[in-house]
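J.: Following the hints, position chain Z against chain X.
For the protein sequence lines, the chains are X and Z, in the order given.
Heads up: the first sequence begins at 1 in our numbering, then just goes up one per residue.
Heads up: the second sequence begins at 1 in our numbering, then just goes up one per residue.
Because the hints were derived from the structure by calculation, they are not lab data.
One should not assume that every hint holds.
[Unchecked claim] With a Cα cut of at most 25 Å, we get these calculated SDA-like pairs of lysine to any residue: (1) X:K480 <-> Z:G187; (2) X:K626 <-> Z:S164; (3) X:K351 <-> X:H22; (4) X:K626 <-> Z:G210; (5) X:K720 <-> Z:L96.
Here is what each chain is made of, one letter per residue.
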Amino acid sequence: MSLLPPNFSEWFAARGWSVHPHQLEMLVRASDATLLLIAPTGGGKTLAGFLPTLVDLATHRRNTDGIHTLYISPLKALAADIKRNLRTPVEELGLPIRIEDRTGDTPANRKKRQRADPPHILLTTPESLALLTSYEDAPRMFSGLQRVVIDEIHALAESKRGDQLMLALSRLQAMCPNLRRVGLSATVEDPAAIANYLACHPDLCEILMADPGPDPDIAMLETDEPPPWSGGGAAYAIPSVLDEIRQHNTTLIFHNTRAQAEIFFHNLWLANTDSLPIGIHHGSLDRIQRERVEGAMQRGELRAIVCTGSLDLGIDWGDVDLVIQIGAPKNVKRLVQRIGRANHRYNAPSKALLVPANRFEVVECLAALQAVKEHDLDGDPRGPGPRDVLCQHILIRACAGPFDADELYAEIITSGAYAELERTHFDDCLEFCATGGYALRAYDQWQRLIQRPDCKWQLRDPRATQLIRMNIGTIQDSDKLKVRLKRSRGGKPLGEVEEGFAASLTPGDTFLIGGQIVRYEGLREMTVEVSRDRGRKPKVAVFSGTKFATSTQLSHRILRLFALDNWPNLPDHTRDWLHLQTQMSQLPQEGRLLIESFPHDGREHTVIYGFAGRNAQQSLGLIISKRMEELDLDPLGFVSTDYATMIWGLEPLTDAAPLFTPDAMRQGLDSWLTGNTMMKRTFRASATIAGLITRNTPQARKSGRQAAFSSDILYDTLAKYDPDHLLLQITREEAMRGLIDFGRIEEMITRIRGRIDLRRLPRVTPLAAPLFLEAGRTPVDGAAPERLLAEETERLMQAAGLVN
Amino acid sequence: MNGYCFTFSNITLTALGSGALFWPAQKLLCVSDLHLGKSERRARIGDAVLPPYETRDTLSRLEHDLRTTKATTVICLGDSFDDLAAATALPEPERLWIAQLQAGRKWIWIEGNHDPGPVDLGGTHLTRLQILPLIFQHIADPAEKGELSGHYHPKLTLSTRGRSVTRKVFLVDKDRVILPAYGTYTGGLRSNSAMLQSLMQADTLAILTGPVPRPVPMPR
Numbered sequence: 001m002s003l004l005p006p007n008f009s010e011w012f013a014a015r016g017w018s019v020h021p022h023q024l025e026m027l028v029r030a031s032d033a034t035l036l037l038i039a040p041t042g043g044g045k046t047l048a049g050f051l052p053t054l055v056d057l058a059t060h061r062r063n064t065d066g067i068h069t070l071y072i073s074p075l076k077a078l079a080a081d082i083k084r085n086l087r088t089p090v091e092e093l094g095l096p097i098r099i100e101d102r103t104g105d106t107p108a109n110r111k112k113r114q115r116a117d118p119p120h121i122l123l124t125t126p127e128s129l130a131l132l133t134s135y136e137d138a139p140r141m142f143s144g145l146q147r148v149v150i151d152e153i154h155a156l157a158e159s160k161r162g163d164q165l166m167l168a169l170s171r172l173q174a175m176c177p178n179l180r181r182v183g184l185s186a187t188v189e190d191p192a193a194i195a196n197y198l199a200c201h202p203d204l205c206e207i208l209m210a211d212p213g214p215d216p217d218i219a220m221l222e223t224d225e226p227p228p229w230s231g232g233g234a235a236y237a238i239p240s241v242l243d244e245i246r247q248h249n250t251t252l253i254f255h256n257t258r259a260q261a262e263i264f265f266h267n268l269w270l271a272n273t274d275s276l277p278i279g280i281h282h283g284s285l286d287r288i289q290r291e292r293v294e295g296a297m298q299r300g301e302l303r304a305i306v307c308t309g310s311l312d313l314g315i316d317w318g319d320v321d322l323v324i325q326i327g328a329p330k331n332v333k334r335l336v337q338r339i340g341r342a343n344h345r346y347n348a349p350s351k352a353l354l355v356p357a358n359r360f361e362v363v364e365c366l367a368a369l370q371a372v373k374e375h376d377l378d379g380d381p382r383g384p385g386p387r388d389v390l391c392q393h394i395l396i397r398a399c400a401g402p403f404d405a406d407e408l409y410a411e412i413i414t415s416g417a418y419a420e421l422e423r424t425h426f427d428d429c430l431e432f433c434a435t436g437g438y439a440l441r442a443y444d445q446w447q448r449l450i451q452r453p454d455c456k457w458q459l460r461d462p463r464a465t466q467l468i469r470m471n472i473g474t475i476q477d478s479d480k481l482k483v484r485l486k487r488s489r490g491g492k493p494l495g496e497v498e499e500g501f502a503a504s505l506t507p508g509d510t511f512l513i514g515g516q517i518v519r520y521e522g523l524r525e526m527t528v529e530v531s532r533d534r535g536r537k538p539k540v541a542v543f544s545g546t547k548f549a550t551s552t553q554l555s556h557r558i559l560r561l562f563a564l565d566n567w568p569n570l571p572d573h574t575r576d577w578l579h580l581q582t583q584m585s586q587l588p589q590e591g592r593l594l595i596e597s598f599p600h601d602g603r604e605h606t607v608i609y610g611f612a613g614r615n616a617q618q619s620l621g622l623i624i625s626k627r628m629e630e631l632d633l634d635p636l637g638f639v640s641t642d643y644a645t646m647i648w649g650l651e652p653l654t655d656a657a658p659l660f661t662p663d664a665m666r667q668g669l670d671s672w673l674t675g676n677t678m679m680k681r682t683f684r685a686s687a688t689i690a691g692l693i694t695r696n697t698p699q700a701r702k703s704g705r706q707a708a709f710s711s712d713i714l715y716d717t718l719a720k721y722d723p724d725h726l727l728l729q730i731t732r733e734e735a736m737r738g739l740i741d742f743g744r745i746e747e748m749i750t751r752i753r754g755r756i757d758l759r760r761l762p763r764v765t766p767l768a769a770p771l772f773l774e775a776g777r778t779p780v781d782g783a784a785p786e787r788l789l790a791e792e793t794e795r796l797m798q799a800a801g802l803v804n
Numbered sequence: 001m002n003g004y005c006f007t008f009s010n011i012t013l014t015a016l017g018s019g020a021l022f023w024p025a026q027k028l029l030c031v032s033d034l035h036l037g038k039s040e041r042r043a044r045i046g047d048a049v050l051p052p053y054e055t056r057d058t059l060s061r062l063e064h065d066l067r068t069t070k071a072t073t074v075i076c077l078g079d080s081f082d083d084l085a086a087a088t089a090l091p092e093p094e095r096l097w098i099a100q101l102q103a104g105r106k107w108i109w110i111e112g113n114h115d116p117g118p119v120d121l122g123g124t125h126l127t128r129l130q131i132l133p134l135i136f137q138h139i140a141d142p143a144e145k146g147e148l149s150g151h152y153h154p155k156l157t158l159s160t161r162g163r164s165v166t167r168k169v170f171l172v173d174k175d176r177v178i179l180p181a182y183g184t185y186t187g188g189l190r191s192n193s194a195m196l197q198s199l200m201q202a203d204t205l206a207i208l209t210g211p212v213p214r215p216v217p218m219p220r
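Excised from the complex, chain X in its bound form (with noise of 0.2 Å):
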């Protein structure tokens, strides 16, 4: 106990509160110089990062005044909430401590004041921070740095804001050399991975492991009810959550997207007659709304919140006292993670219940319940470093003055994700940083560095740092436009909807956003201007969030689970479906593929049961129906789920081998996925992080469908002209994973190692029935369209009396 100084024990022990062992335990390896502590939610992980910072702060006279420890949290939110609980020990205790926080929101003279004079101790995110180190006079304000704590490192570790955040870190461990790193992780499946990613290399990183409290106590839902074969809605749940809502203190209700929990929301006010206080919380919404919705959950105000993602993450919810999940959890670390949200309090186990939205939901619920009570995390390891980051971080070291390639270099590999860079693929992302590649050296606007006779490399125009600092960052949230109320100087901002979204909309159209139906009234500029509606039918936001797909591991479980006898544990209604299904045709097997083949309604329907995951069954998708095109099937069209993916078309599918022969398969993802609009979003994002397309422009920000029209083109003339352009060849390591996900695929082609089972079937089977109501349908461009076209002109020719 002697390293807690008495007057943080007697502040400690005033609160009521106890420090935890590994709380106490970071205190001992504070020196260390990377620690990464995993703690389960609710386990005081950020005051276990900055104790060390408080008592060294508070016990030991310091030569320079600049900050001592960096603070990164992956939310802007989490840094204010931060700064708040930070300030009470600081204030209560009288130490000389100053806290500040430093993200997009920060206003611009606060943000010069804090370079000019820095506080004790700066909360900020990772774009914020790769900004800080874009100005030259960097190593000043960072001269005195001593620690720099990690929040929710598990999170930023899967997405490039992580991949970037590591490289600025390695920026200033150059400028710093004795700075200590410190990561704080929620429960992850790999720890190992995490440690890895946060090592300085080639040095390692010690991992702390705490007590990872009692298991939580959770169950599926019951209801009278039983669920609908399909949909995401879960509207036949409302009564009984309401019942639980009533029962409980303050209760999360957590939605897979955006889009669901609107209609969820929307549904619960319906049906809440006692005027419970419940509200809404999503990534789409005015800050100001989230904020009130945040502000009102603190003070305890709130009896339930309906959610999505946005808060996964960080921030202290007081007084939760149950987590429900509508919807299939997806994957079950993320579940696990969310499931600590209730009961905010060390030792004490975490109450949640699990809603599915539909029938094969609940089979999907119940494997991944088993995978909590093993504690079967799942993950997917994530690969090397992506290099789009790494052109945008070339670019940002260059804003910061002039620089040796061969320092830099060094400096890269000591991340973790690019520890095995190697020379050559460095030095291709610096060749594009100066000239923007082969097809595109004629033009201007790419050229941007030019290497001085000492060797050094330079920006070409000391302008462009103003181009590069405003598109910082990895986020790929562009293609939104605001939502306000129209009014006559403009009206209360209500968030956010897709691009493509708006543009579907025509006048007096309605649709739900924060809770309640407007309609829409037009567009001016870059904003959707809507008027209060009553209308009870509203067309539903799609918000483009992030839509999940089923994790691996859980897929496998859902197989097992089929494969079970009379499938125990699964409530009567499902289990009948599935009898019924076995009677009609059969189910999905673990290492074979079941595809079904059936006429309906007109058309002829293809069903091929992958458990590959959304993206990659969309991908597939592409691929089977382009080869179906190919075999004179005239495909029309296709849907995906995590499952299944169905093609419809106007011929049968008889013989299933020429679909799928692995090498076919192989070759297709270059050929085939080349022209296809998810190839080029997937290019989009690149060539936007990579600096090859800038979304923002001191005159303007440029709409989504503007950014997409030059992205596309250049994608087409680089595939033409200059297929081996860095950004093509980044594209195509980007399809392994995320939208197309090609990795999936490979491993499914690998699992059933061409065992493949084709029934030929009179109609449409119990598990095909869902995927009629799916949404989200990609039409396929082949000869159908051309059949179609062909018929319906002729028709009119006929019609008019023109026969040719």
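T.: Just chain Z now, with coordinates in the frame of chain X:
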């Protein structure tokens, strides 16, 4: 050659799927509204910047049509450049490309509202051209007969079984043909717009461009 043949003023013409019109007897290829240099002009006037590739795309499609039709005369029916400055600012590789296309061919630039003056590229510059019985000019004149023009960028949307398809179209009646815009990323005017409805006669045929050009009666 993938085309739809029709008779106009007693002449057999072929509407190509690309949006070009071919007159086989004269070995004459007519294209309208190329809008070369569109991205350059947009950047210059402060519109959102597009990468300068649409010119190459348009030229490569034109090259393909010239190769398959073996045309010896080319008529560009106006708005060939997004404006005259865009014609001047055309990069060297594109200028050379145009020169290559012009080699061994008679090449006529008809002026349009976007490019109302001569350009310093090879070929002949005219405000209108008559090759009896046909007349070539940029904007249709309701008083003319046997007239080929462009300017309006006509397009048409058809709904087939559950799928709607939009294509650029040729509009043909007994007195005039309006060509679709040939340039990459040129927008379009729906053929049910009041302007086109009043310009074209009752029995107008719309020929859809695309893999196989197909005729339909122009919707009224």
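J.: All hints are to be evaluated individually against the structure, with a verdict given for each.
T.: Tested hints:
The suggested pairing of K480 (chain X) with G187 (chain Z) holds, with an alpha-carbon distance near 24 Å, which does not exceed 25 Å. Between K626 (chain X) and S164 (chain Z), the direct Cα distance comes to roughly 20 Å. Compliance with the 25 Å bound is thereby established for this hinted pair. Our distance criterion of 25 Å between C-alpha atoms is met by K351 (chain X) and H22 (chain X), whose separation comes to about 24 Å. Pair hint K626 (chain X) plus G210 (chain Z) holds up; C-alpha atoms about 19 Å apart against a cutoff of 25 Å.
For the hint linking K720 (chain X) to L96 (chain Z), the alpha-carbon distance of about 20 Å falls within 25 Å, and the restraint holds.
Consistency note: the structure conflicts with none of the earlier hints.
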